[in-house]
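Colleague: Residues per chain are reported as follows:
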Amino acid sequence: MEFAYPPNDYESEKASNGYLMSVVAVMVGLPLPIINLLATGFFYLGNRNGSFFVRWHCIQALLSQVLVVAFNSFGFYWTISIIFRDKHVDNQYIAYILTLVLFNLIEFIATIAAAIQVRKGKHVQWFFFGPLTNLICKP
Amino acid sequence: MGKLVLQFALIVGSFFGVWFLLSQINYVDGDDVQQFAKANEKRLGTLILKALRSTGKETRSVELKSFVDSIGFRVCENTTTNFDSIKVHIIRNSEVNAFALPDHHMVIYTGLIEDATNAEEVAGVMAHEIAHMEKNHVMKKLVKEVGLSMLFAIVGGDAGGEIIKQTAHTLTSSAFDRTQEQEADDFAVDAMSKANIDPENLANFLFRLSQRGDDMPDELVWLSTHPDSKERAAEILKKKKLLKFDTIPVLKTPWKNVQKLTGNSEEDDESDDD
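In the order they appear, the protein sequences are chains A and B. All residue numbers for the first sequence refer to the numbering used here, where the first residue is 1 and numbers rise by one. All residue numbers for the second sequence refer to the numbering used here, where the first residue is 1001 and numbers rise by one.
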C-alpha cells in the first residue's frame, strides 16, 4: 500500500523501531502486560513531533497494543486470583490462557513482519488498526 | 466508521470464539478439590483428628459435651446446616482455639471454653467454624497449602506421622485467606442473628484476641491475606447494625458452671484411663 509520500531511510528506521519497541518489551511484558503498552507509548511520545510516516506507524503500533493489553490484563488478574484467592484452574481458564498465547503469537509475528516491511520503506496497514490510525493521525 | 466497528467486532468476536471453542476441550477432570474431597475426606478427617489427639486428650465429660452440642444446635436452628452431621470434639488444651477439620469434624480446645466470657461467644466461634465446613474451605485450604499429591500420600498411608502432624498444624495454626474468613464471619453473623444471639459476642471475642498481640503489626495488615481480628470485629459490628433480632440466652445454666466442667473432665479422663 502506498503512503502519501515516499519516506526516507531515516523515517523508515524510526517507524520500524516503533514496532520493535513492543517486541523488545515482550521479554519483560509477559508477566506484566502493561509494560508493552508503556514502552510503545513512551516511544510514541518521544516521536510525536516526528514526520507523518513515523507518527502514523507509532500510533498503529500503540493501538494494536491496547487491545492485546486489555485481554492480557484479564488473564493476569485471573491467574493472580488463582494463586492468591479462592479460585481454581478449570477448563475456561486453560482455554483463556491458550487463546491469549495464540493471539499474542499472531500479534508478535505481525509486529515483526511490519517492522521489516516498514524498515524497507513500505507502508503496512493492519486490519482495523490501519483504518483507525487513519482516523486519528493526520498529516 | 461502520466498517471500522465491524472490523473491531470481528477481532473481539474471533477472540471470544476461539476461547469458547478451546474451552470445550476437557483439560482438567472437573474440580480437583471436590473429587478428592468426595473420595478421601472421611479418611483424611480421621487421620488428622488422630494426630490432634496426641496434643491433648479428648474430654469424655458427657455434661460438657451436651452443653457444647446444645450451643451448636441453637446456632444452626434457622440455617440449612444440620448440626447432627457435625462431630464436635472437645480436646484438653490450654490454647484458645477451635477449628474445622475435613469430614465435618470440629475441634474445640478447653482453653477456648475457659477464655470465653459467655456461651454466646462460643456460639459465635462455632458458627464461624461451621461456615468453613459448609463452604468447603477446609479441603480447599489443604489442597492449596499441603498439595493434592501430599494429601493422596497421607490417605494412601505413604506419608509418615510427622507429615500428618504438620497437616493438622496447617489447620490449627493459620487462618484461612481474607475472603474465606470474611465469608465465614458473614455466615456466623447471619446464623447468630437468626438464632436470636447477638453477633456482638463474636466481635467481643475477636477483639479480645487482637488485644493479646497475636495479630501482626497494624502496618502490615494490608499486605496480609489473613484479616486482622480487630478489623474483623469492626466489620461484624457494622453488619450487626443492619440486622434485627431478639436476644435470647443460649444456655440457662450459668456459664461459670459450664467452665468448671473443663476441669472435671480431666479427672474423668484420668479415671477412665486407669
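Honestly, the hints are just simulated from the structure, not real lab data. C-beta: ideal position from N, C-alpha, C; glycine also. Be a bit skeptical, because a hint or two may be false.
[As the list claims (entries may be wrong)] Simulated pairs of lysine-lysine, BS3-like, Cα-Cα distance not exceeding 27 Å:
#	chain 1	residue 1	chain 2	residue 2
1	B	K1087	A	K122
2	A	K138	B	K1087
3	B	K1087	B	K1140
[To be verified] According to the in silico footprint, chain B covers these stretches of chain A (three or more CB under 8 Å from chain B):
#	stretch
4	54 to 68
5	88 to 101
Colleague: Give a verdict on every hint.
Modeller: Here's how the hints hold up against the structure:
| no. | hint | result |
| --- | --- | --- |
| 1 | B:K1087 <-> A:K122 | violated, 76 Å |
| 2 | A:K138 <-> B:K1087 | violated, 74 Å |
| 3 | B:K1087 <-> B:K1140 | holds, 20 Å |
| 4 | 54 to 68 | violated (count 1) |
| 5 | 88 to 101 | holds (count 10) |
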